[in-house]
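Undergrad: For reference, the chains in residue letters:
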Amino acid sequence: MITFENVRKVYPDGFEALKGIHMTVAKGELVTLIGPSGCGKTTTMKMVNRLIEPTEGKVLINGEDIAHKNPVELRREIGYVIQQIGLLPHMTISKNVSLIPKLKGWAKERYLKRVDELLDLVGLDPTVYRDRYPAELSGGQQQRVGVARALAAEPPIILMDEPFSALDPITREQLQDELIRLQQEIQKTIVFVTHDIREALKISTKIAIMKDGEIVQTGEPNQIVKEPKNEFVKSFIGDEHSGSDCDGSRMSSYK
Amino acid sequence: MSVIQAFLDVLIERWDAILTGTLEHLYLSFVSVAIATCIAVPLGIILTRKQRIAEPIIGITGLFQTIPSLALLAFMLPIFGIGITPAIIALTIYSLLPILRNTYTGILGVDRSAVEAGKGMGMTNFQILYIVELPLSLPIIMAGIRTATVLTIGVASLAAFIGAGGLGELMFRGLQMMRNDLVLAGAIPAALLAIFFDLILRWVEVKTTPRGLKK
Ligand SMILES: Nc1ncnc2c1ncn2[C@@H]1O[C@H](COP(=O)(O)OP(=O)(O)O)[C@@H](O)[C@H]1O
Ligand SMILES: [Mg+2]
Numbered sequence: 002m003i004t005f006e007n008v009r010k011v012y013p014d015g016f017e018a019l020k021g022i023h024m025t026v027a028k029g030e031l032v033t034l035i036g037p038s039g040c041g042k043t044t045t046m047k048m049v050n051r052l053i054e055p056t057e058g059k060v061l062i063n064g065e066d067i068a069h070k071n072p073v074e075l076r077r078e079i080g081y082v083i084q085q086i087g088l089l090p091h092m093t094i095s096k097n098v099s100l101i102p103k104l105k106g107w108a109k110e111r112y113l114k115r116v117d118e119l120l121d122l123v124g125l126d127p128t129v130y131r132d133r134y135p136a137e138l139s140g141g142q143q144q145r146v147g148v149a150r151a152l153a154a155e156p157p158i159i160l161m162d163e164p165f166s167a168l169d170p171i172t173r174e175q176l177q178d179e180l181i182r183l184q185q186e187i188q189k190t191i192v193f194v195t196h197d198i199r200e201a202l203k204i205s206t207k208i209a210i211m212k213d214g215e216i217v218q219t220g221e222p223n224q225i226v227k228e229p230k231n232e233f234v235k236s237f238i239g240d241e242h243s244g245s246d247c248d249g250s251r252m253s254s255y256k
Numbered sequence: 382m383s384v385i386q387a388f389l390d391v392l393i394e395r396w397d398a399i400l401t402g403t404l405e406h407l408y409l410s411f412v413s414v415a416i417a418t419c420i421a422v423p424l425g426i427i428l429t430r431k432q433r434i435a436e437p438i439i440g441i442t443g444l445f446q447t448i449p450s451l452a453l454l455a456f457m458l459p460i461f462g463i464g465i466t467p468a469i470i471a472l473t474i475y476s477l478l479p480i481l482r483n484t485y486t487g488i489l490g491v492d493r494s495a496v497e498a499g500k501g502m503g504m505t506n507f508q509i510l511y512i513v514e515l516p517l518s519l520p521i522i523m524a525g526i527r528t529a530t531v532l533t534i535g536v537a538s539l540a541a542f543i544g545a546g547g548l549g550e551l552m553f554r555g556l557q558m559m560r561n562d563l564v565l566a567g568a569i570p571a572a573l574l575a576i577f578f579d580l581i582l583r584w585v586e587v588k589t590t591p592r593g594l595k596k
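If you read the sequences in order, they're chains L and R. Our numbering numbers the first residue of the first sequence as 2 and each following residue consecutively. Our numbering numbers the first residue of the second sequence as 382 and each following residue consecutively.
If you're looking for bench data, these hints aren't it; they were derived computationally from the structure. A couple of the hints might just be wrong.
Partner residues aside, some chain L positions facing chain R, computed with beta carbon under 10 Å [claimed, not checked]: (1) V73; (2) L75; (3) R77; (4) E78; (5) I83; (6) L100; (7) L104; (8) W107; (9) E137; (10) S139; (11) L168; (12) V217.
27 Å max Cα-Cα, derived DSS-like pairs, lysine-lysine [claimed, not checked]: (13) L:K96 x R:K588; (14) L:K103 x R:K595; (15) L:K96 x R:K431.
The C-beta atom is built at its ideal place from N, Cα and C for all residues, glycine as well.
Build the full structure now, drawing on both the sequences and the hints.
TA: The structure is reproduced here in structure tokens:
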């Protein structure tokens, strides 16, 4: 479980990016942070793996203040997927995926088995892809590897910062579907950043809508659609969502 | 025709002097580039972590390089006297810039998203350096070492001027005695050395380019 307690962030240039965030992410939830560009989604997310430190307030994981944890050890228990993917171009897919397990001292047979397992899980045939280099894959395939890499060391928490927004619409849809399936299968706690409300409504168990460094509303997707708290939320949803079409979305399962 | 004939005669007559000169030349060049590499690569890495002081320090090494090479060698005389040591010091100073600059820009040029992903996954700073940054910038660092080597092999011809030997010795003697054949006996091997090592190090550069980065 992840808890944000009154988290503020003031950047060195004096800009107040977060104005006191309170949020709880329960185990097994897929929470999306959504809001206009610059509202503080990435800042919020990067507090969880301490890529950014809060100016004030605390982030707790399972009740423990992460400020007291070693950042490297903390990060090895948290998967991390970013929009730019960031695979290491000089390593094969297998080496990329097994990097953290290897640094954690796993035995070779164990991490090689894990690589094949994960490539299967994200829909890439291991015999075809494990020895390829990232440049030999499409953007969508690379991000599948990015997801596999994040899952490799079996972290209970995964952070995803607009992981699918650079992909073409069809690939994006596929990866969203697979993320839903995957999360139901492996029950990770996922914090997912997006600016696409359709994506959020489709994949989330809970949505946190942000604006100017604050969380405006949190709730299950259908709750937010049905009871938008204010005009901002209404217009944010309204732009993209008529309220009726939510094909294949999780909304149907959260009545 | 007669100069070439004379050059060939010198080659046969003085092959031992040419060989000695070549070995001295190589010794001066390699020791200098090796020392410069040992200084400039770690320094370049440190500067990427302390970018505020990077510009001034790279500027200083750049300044050394703008000193005419003969003048730099001459400056060594009052401080270190004559011989191999002052020559190596001067050549080392001369080799710093290309290696330092390429290390610095090479590492900064590494795809930031790969570094960010590495950090976010839980790599230590040292792991980010040797797993991500160094392998990806190695071809550029190698190009800096190549530039420094070719440059130094050239400048080492002047080391004879402060009594450090090398192929410059033959050239100077030839100039003094107005014997073109002797000048060529020094100049041609020196030019061949520079070309040879340029080719070798270009090959090494290709070899050190990680497979995933080759098109
Ligand atoms: N290192 C920084 N220094 C100063 N301002 C920053 C820094 N990083 C982000 N910001 C600012 O903080 C705000 C929130 O950024 P971010 O969390 O990246 O937004 P989002 O991910 O929602 O687009 C933005 O206005 C951004 O310009
Ligand atoms: Mg962002």
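Undergrad: Each hint: holds or not?
TA: Here is how each hint holds up against the structure:
The criterion of a C-beta within 10 Å of any C-beta in chain R is met by L:V73, whose closest approach is roughly 5 Å, and the hint holds. The restraint placing L:L75 at the interface with chain R holds, with a minimum CB-CB distance near 7 Å, inside the 10 Å limit. Interface hint at L:R77: satisfied, since its Cβ lies 4 Å from the closest Cβ of chain R, which is below the 10 Å cut-off. For L:E78, the interface hint holds, since its Cβ comes within 10 Å of a Cβ in chain R; the closest pair sits about 8 Å apart.
Using the Cβ-Cβ criterion of 10 Å, the hint placing L:I83 at the interface with chain R is satisfied: the shortest such distance is roughly 6 Å. Among the interface hints, the one on L:L100 holds; its C-beta lies about 7 Å from the nearest C-beta in chain R, closer than the 10 Å criterion. For L:L104, the suggested interface contact is upheld, since its CB lies about 7 Å from the closest CB of chain R, less than 10 Å. For L:W107, the shortest C-beta to C-beta distance to chain R is roughly 14 Å, which exceeds 10 Å, and the interface hint is violated.
Interface hint at L:E137: satisfied, since its Cβ lies 8 Å from the closest Cβ of chain R, which is below the 10 Å cut-off. For the restraint placing L:S139 at the interface with chain R, the shortest Cβ-Cβ distance is roughly 15 Å, beyond the 10 Å limit, so the hint is violated. Taking 10 Å as the C-beta contact cut-off toward chain R, the hint placing L:L168 at the interface is violated, the least distance being around 15 Å. Annotation: interface hint on L:V217 violated; nearest CB of chain R at approximately 27 Å, more than 10 Å.
Annotation: proposed proximity of L:K96 to R:K588 holds, straight-line Cα distance about 20 Å (limit 27 Å). With a C-alpha separation of about 26 Å, the suggested pair L:K103 and R:K595 falls inside the 27 Å cut-off, and the hint holds. Taken as a hint, the L:K96 and R:K431 pair is broken in the structure, with Cα atoms around 31 Å apart against an allowance of 27 Å.
Taken one by one, the earlier hints fail for this structure at numbers 8, 10, 11, 12, 15, listed in ascending order.
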